[in-house]
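If you're matching them up, the sequences are chains A and B in order.
By the working numbering, the letter at position 970 of the first sequence is numbered 970, and the numbering carries on one by one without gaps.
By the working numbering, the letter at position 74 of the second sequence is numbered 74, and the numbering carries on one by one without gaps.
Possibly wrong hints are sitting among the right ones.
Said to hold, decoys possible - Derived lysine to aspartate or glutamate pairs resembling DMTMM-like cross-links, with alpha carbons at most 20 angstroms apart:
1) B:238 <-> A:595
2) A:179 <-> B:216
3) A:747 <-> B:187
4) B:110 <-> A:174
5) A:749 <-> B:49
6) A:171 <-> B:117
7) A:747 <-> A:151
8) B:239 <-> A:596
9) A:749 <-> B:165
10) B:188 <-> A:174
11) B:110 <-> A:650
12) B:223 <-> A:596
13) B:239 <-> A:643
14) A:749 <-> B:216
If you are wondering where the hints come from, they were derived from the structure by calculation, not from laboratory data.
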Amino acid sequence: MKLWLTNFSIRLPWLVAGLTLLAVVLFGAQFPKVHFDNDPENMLSADEPVRIYHHQIKELYDLYDFVIVGISNETDPDGIFNPGTLGRIYDLTGALLSLQPTEKGLVKVHFPGVDGQTPRDEVLDLTPQGAWQRGLNKAFMVDPNRLFTEDGQSAIIGRELIGPSVVDNLKQAELGALKLEYLMEQPPKNREEALQIRDDALGNPLYYGTLVAEDGKAISLYIPIREKTFSYNVANLVRHLTAEWDGEDEVHITGLPVAEDTFGIEMLVQMATSAPLAMLVIFILLLFFFRRISIVIAPMLVAITSVICTMGLLIGLGYDVHIMSSMIAIFLMPIAVADSVHVISEFYDRYHLYNNKRDALRHVIGHLFKPMLFTSLTTMAGFGSLIFTPIPPVRIFGAHIAFGVGLAWLLTMTLVPAYIMLAISEKSLQKLQHSDQEQVRPQSWLTRFLEGLGGFSFERRRLIMLVTLVLVAISAVGISKIEVNDNPVKWFAADHEIRKADAVLNKHFGGTYTAYLTLEGEGRSAFDPARATTLLKSRAREELGTLWPQRSSKFLTALDSLGKAPDAGSFNQQLQQIAARFDAQVLGGWQWLGDEVSYLDPQGLTRATLESQLQSLAAAPQAEIGQLVGELKEQGAGEQLLDAALARIDKRLANGFGAFAGRQLAAFDAPLFKQPEVLRYVEKLQQFLAEDETVGKSTSAVDALKKASYELQYRSDQNDERNRERYAVPGSVPAVAQVFTQLEGMKKKDALFHLVTRDYQKANLWVQLKSGDNKDMEKVVADVERFFIANPPPVPMKHAWAGLTYLNVVWQDKMVTGMLASLGSSFVVVLVMMIVLFRSLLFGLLAMIPLSVTITLIYGMIGLAGKDYDMPVAILSAMTLGLSVDFAIHFLERARQLQQQLGSWQRAATEMFKEPATAISRNAIIISIGFTPLLVAPLVPYNTVGFFIAAIMAVSWLATLFLLPALLTSLQKWAFPNDRSGKGDA
Amino acid sequence: MKTILLILTLFLPFAAQATDVEQIIEKANLASYYAGNDGRADVRMTIYDAKGGTRERQFTVLRLNSRNANQKFYVYFREPADVRKMAYLVWKKVGGDDDRWLWLPALNLKKRIAPGDKRTSFVGSDFLYEDISGRGPDEDNHQLVSENNDSWMIKNSPKDPDSVEFSYYMVWIDKQTYLPLKAEYYDKSDKLYRRVSAVKIETIDGYPTVLEAVAEDLNSGSKTVNSFSRVKYDIGLKKRIFTERFLRRPPREVRQ
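Okay, chain B solo, but in the shape it has when bound (with noise of 0.2 angstroms):
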């Protein structure tokens, strides 16, 4: 989702006086997806059901950029104890289909994941597939709503309604760092339905970066908060761990 991808982010300083909305959506994806030329982090992700119940997980991300725009990521589990070990790899595709491996130690099984609905739950958690690899600047229609002096609040539609369970999303985009603060989702009756905000933001390595990001469902009553530590950037990942073979052995990018 967004958050794991904020956390991974590099600002680019680009000019502050954008105000077309097209960039400034572009420079918002970059400042959120893009950071750097790679980047790690430990993310402690807290599932809160409406019941009060809590389920914690606990997984490092790694993330490199490649050419076009496309990215590949690697999740690896350390908690809750009996997951540990299992890790999920991902290629993003701009305009496309993205790759997906799994693996699952204690069946010593990796599997592929076939392309599919990217808003789809993220390991159960209350965050989409689609938050964590972003969603295309391409797929929606931007409207600069308003302004004030910290952010821009643009209402984004999808062009493609029925390939979406929104009719459209509001985001506020921080006029200094370019990352969202918060993105709110409203369903096909016009009633707001979920959110997802970024609640504390710090520059890491000079990258303004997303240390916690939460994601409300407010339909089920659930939210997910996500905590992101051990935060760095251009640590000269390279693209060989991003296959599958890495799956059944961990690197030790993640296993440090």
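Bound conformation, chain A alone (with noise of 0.2 angstroms):
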């Protein structure tokens, strides 16, 4: 039975070669098919709550992806504010707004000319000068001009972009006039009008930390993309805008977008490189050890057919190939040589007692099948586990390698033997033999040193016992101190371009990772005008009480008519209704001399034509007119008695009833984010952020209405403390509402709106952190959670967070218990197949020994180091359950066979350390070996599977070789309860 598939190959080796050649066309003839996914967000499901959350928020609040063009000049004494800089600027932000697609697909920019330039078109080709590059742009579809959505529009959503020559100001001007205007509205001419713009920027709450850095040495330019895709090309862009730029000034690309979309594209790359260098790298190593390329051509075939199978059934299969799914290459060709070359290293060794390919074949098949196939099957379950994990790339990833090994599988058992029957000639192998044998054979070095290393670990079993102990001990210490933390932009080496760019921004500004902080009403209550009289009442008696002392609790009395108004709209008419009746019987008089006094013609009034002039009118009030008159002595004439009757009497329509309706005007019904207390809780919050060492800013509505206020109401003619007390949240509804209105009609339109719906009842703090590390965005994550319970809302709110940065997290977190639970499902179903394989409890758990102290002693060493459990961390764990299981098998099934063949495990172990070990030594240098390449990956995530892959390698091998012989020799008792070899013999 378990040769079928090997007599098949053996006797029709055409067939299988026809066959495997068959489907490396069809599921090659898929690759051209493939698409790609640089997309971390899709490590998400697309019908996950928080990203359907993070992308309702963009769109409630109109916010795109930012790609982050930050720009300093350390040099100059006034740092960016130069007038040279900021002309460059301009110029370039001029340029970005004004992308037009080209009939032959290039790009045409618009420079507007500053400093006496002539405006200019200009037509950039932005595709790399190298062939290499843009081979590679050309294998993977990556058009460089690609700048513009399919109907033409540009990439950049030009309305939306943040930057000193498009962003408003408010400030103020001659005359106590407020000026509204563009912070750089032209480039500056000289140096006072440059650092003019420096103290408008670092005025203004929105922009400082923001758009301009405190220090004055950076100014960023954030620029929206319609999609997230577009980063890459648009980064590129700026670097060619920006490329003949004077050496001061300095260019620095970021945000996640730009550094996600980058990884995608480099991983391609590493795609591209890395996993032909893996393959060549096992190839060479593979001739070392068998020096004959007609051998070592078989486990390539097994490898490549496999690779390229899986790869056309994900790509037929209508998936993307991802960050993760692009690994699957380099994950598979290591674990699918393995296989065969435990075949063609047995066949190589026992050759030359058969002297015949088919004989030594079917030997070699023959016992090799069980374990090979208990090592694929555990390897499949290890990687099949993962799709359990609830990350959609990662169960993928998981299903296609699982497929990939089943297949290598499949071929090892079939292609290999077919192979060997077609290619090899039995002269060769004859040759072969003969050759090594005359000399000495040039892994004997392995040999011997692995015998060696039998009788130590034979003899010194305790010793190694408690060393492996102690070994675990320490990494239960290292396992617990692991922090679970990853962040896309350190997937990229430290001296990476984006890796710079991210520390010097993030030294300058608030930060470059952005989440969005929102708020809104829970429960929003229906107007309630019995508790809106209550409150009004109140503030009624407090403003008025003293004011009209017995009016006033008359008023009062009518105002207990609102509570049974039907809505909000009818109890501010009654109101207004009510506060005009009290007016007119109270201030009739002075109503009636501020209508016609501001009629009156200024020219050539005198206090007496004044008082004519009313006394001949109508209905005139005598008693207010003398008083009034009166009180306008030595007050000139024309104009200015004119204002200052006007003035006296409207100090008296001031403590009015009907100014106090005015001020109680939509009050209670007002969205919340026109409430001043809501809105200086968003204040305190804010104060709160500021104070978290990983915010580097936050910016609200509130940040906005505060600077309106200011500017609005500053007067020259008073002290700057007086000024600053206006720095503050107006303190009725209408205050707040008039304010917000003239934001709705800044130069930039809609501005406001990225911070609070139309309807004011939720606003978004853009909350900018200075890490991008999840553990950090966690933790504000978590200090907000007791602000809010510390400080709880002055009316029922519920908050949320959206944005990359925080969905980062949450996919982390569903990596990690996923992670978690695929493990330990994993782990459960390889025992079990573990006891049946050995049909042993004992051989079963034996088996699990040397992986158990491998993920030990890993996990604890990432602990110890202190690097972050991150994905590709996170995704070892599967890789080491299939993997170093492998040799356990290998070894735990050889060891039985021979101990039963020679009666006696300690002869058995002795034969042990000869070809078995050498066999499973050749697999673990192979395979740890074949994933150096990675190491020099400029991708941080290749260098840790990488450097991971070959430690993994060695600890397994080492728990194998060293660990279980002795536990074998300890527990033979009940290993081996038929051993011959007696007593006595440690």
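From the two separate chains plus the hints, produce the assembled complex.
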């Protein structure tokens, strides 16, 4: 039965070869359909609530993903605020806003021109110069000139760009006027103008730490892009446009979308280089061990066929090649090689016993069948368990590797024998043996070394077990120190441009990592006239009680009728009517005066003519006219007199019931974020965030409101202190609403609505973090929770997070818990398989020991070294399980066979360290060295995988060869109850 | 914006033979912005955002023509309740910077607004200040592109292209009333991005008047509809109303 496949292949090798070729062609034909997906957001499934919420928030507040371009100048004494640099930024901004596609698929930009230059158009071709880069772009379908949507819209959403020449600024101008313009309306012509721009920018809480660095040395442009996938090309465009800039200006490009998109592209490059390189290294190693290209080709064929078929399957099934799936080739290659290396290795060692390919093959496959089947099954179980993680790309990755491993096993059973039958002649094999026997066998150093090792592990078993226990204990400490953390920017090597840009910009600014904290009312209560009346009355008592001691109590009684108002509208209307009635009684004369006086012609107006003109009108209130005229002595004439008269009238009316009612307008049904107490709560939340060291800056509608309120009310005739008091949330709902209305009509329309919804019911805090580390984001989230508990909001409110930085935290959480679950479940599955394989509980448990020790030591090492538990590290657990159990299976299976053959474990153990240990060692060396090309990749996850695979191989190899014999010896009474070697052998 | 002025517009019965493009533009300017000596209108402004949300504002506009084609406007807000009594005063000066004042009653605040870009949003709507007070005919070059029985189609290109965000705009002018029926703005990539149209025109007090105007921002997907009611011309507004003094205490003419 177990030889059925092999016999079939030995009999019909051409058929096997033909079928394999057909499979390669069929699966390979899927490759052109490939579609790449660089978006780590897809780590979460599309219907994940947090992802849906993130998109709702982006839509609700018109938020876009940004490419952040930081421009710094550390040399100029004025930093970035010198006319030259600002001019270049102005020109660059203009160019970025003007992208147009040309018919040839290139990019046309328009430079507005600064410093007397004439505006000019330029056609750019962003295709790289180097042939290698061009080739890669072609292979991965990357078109650097792709800066437009299919209907020709620019990738950059111009109206949402944030840069000094396109953001609003409110400032004081001559004659106490308020000026409303862009921060850098025109490029500055001289130092003075440049410094004015600096002062304006640093005086605006919306801009410092965001748009301009507080040290004045850097400016950031936030370029909103239609799709995240444009970010690499937009970054490239900016690099192109700034290539010839003055050496003093440094340009740094960052932001999560750029990091993620760049990673995606570099990952493809890695896929195209690392995988073939790994294959080459494996090939050379095999050649070193087996010395015959013709032999070595077999495992290579198995590996290549498995990789092509697996990737073909992935593409054919319509899955995108994602960050995870790009690693399939690299993971699969060494695993696929493993089985066939066992076959080849043993075939090579045993051929001389048979001098016949068929018999040698039958012998080799005959006793390798079971261990190979089980090692493949366990590897499949390890990776297959990833199907149970909640992360779609990881599921796809796991399932496809499992498929590839299964296929590699099938190919080892069929293609390898078929290949040996077809491509290797008996003669060459005999010659090989012959020549080998004449000289010292080249790898005998390995054999000798292993035999020595065998003696050691046999005799020093207590020491070995003790050392293992100590190591496991140390590792347990390490594991307890493991910090779960990831940061897509840190996927780049420390000297990568993106990492450098990230460091520079986070030094100068509030942070390049964006999260959104959203606030909204909870269970919006309907307008409650009774409650509003109570509140209104208490305000009336407070504000009017002393002014109108008697009237106000009547007024309060009159207000009682409002408690039955059917809705807010009529509540307001009735309030105004009641107030007007009371005003008519107590201030009617002054009202009349106010009206009439303002219509008087100031031309030639004197106190006397004022009086006589008023007296001549119908229904003139004598008492008030007399009082007013009496107060107007020495108040001049004409305009001056008129203003003085009006000021006196206004003073009285301001104390009236109507004025009171005016201040309460819309106060009782105001949307949440027009209520002063709610806005002050947001202010408090922001103060709290400002104290959080990870948060560089938070921006809200309250910042805009306070700034506008200050500038609107600024009075040059008052001191700074008085003016600063106005840098605050206005005191009443209508005051807030009226300032907001000014902000709605700013030059950059609707900019306010990134921070608050148009109905002012929901608000969005833009939180900038200095670090994109998930653990830092998690800390901020936890801190904010504490704030809400310690500081209950004035009205019931709920809050939630969105933004890419937060999204990463969510998928990381899922990854960690998912991986633990999948590791746990696959551990159990593998254990059951081992018990079935060995038909022994003891052997089943023994088989699990090397991998358990390996996982413990590897994760202990990660914890002790302070390496974060991130995406690649999480994947490694599945990898370890699948790979390190293989050695144990081979070792235990052979140990059992040998012990049965030889009747004594002691003798068997010596044999174990000859050919079986050699095969295991070759495999360990091939796999660990096969991954070394990953160590030189510029992407950290690849380095991590490369390093840890080597480490896993080394540890599980040691665990298998030291620990298993030591344990078997100690447990031989139970492991080999029929052992005839007697006692006292230790 | 155009619409508000359109309301207040007086159509002067010029000889209908004018085909010279400058003449057409001149007459259109008069028809749109200078009807009567003065005028008033109540405006209901509805701003539709791209997501289907709406915001509504109601205000009253008074307009007075003064010498040299200069004009004065008084804008008094009624709704929403929280901005009631908020007022703007604008002195439009042809060929110069406009003067603007703002009154925020809840802050007891009168503030002068320094002259700035006229192509900015009017109270957050899709209409621009320039739509309200009119763009000077001298600021553009005009070219008659085509005409049919009802209207002329004229292309207007700015004399100073870097001072505005459009590269040109097309305007359709009604041959009977000389009112612009539609204006379409093209950006520097030659893409249509903005449209202002007169949806409903009626003759009031002898002046063809736009009673509903729409401004659409095709980039953001938002649009604003202005509906005009209680339109009157030649009501004898006094110059004195259009002074800072009347910001604090709105004149009877708007309170009615």
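Results of checking the hints against the structure:
no.	hint	in the structure
1	B:238 <-> A:595	14 angstroms, holds
2	A:179 <-> B:216	27 angstroms, violated
3	A:747 <-> B:187	17 angstroms, holds
4	B:110 <-> A:174	15 angstroms, holds
5	A:749 <-> B:49	12 angstroms, holds
6	A:171 <-> B:117	14 angstroms, holds
7	A:747 <-> A:151	28 angstroms, violated
8	B:239 <-> A:596	15 angstroms, holds
9	A:749 <-> B:165	14 angstroms, holds
10	B:188 <-> A:174	34 angstroms, violated
11	B:110 <-> A:650	14 angstroms, holds
12	B:223 <-> A:596	41 angstroms, violated
13	B:239 <-> A:643	17 angstroms, holds
14	A:749 <-> B:216	13 angstroms, holds
The structure is inconsistent with the numbered hints 2, 7, 10 and 12, although it conforms to all the rest.
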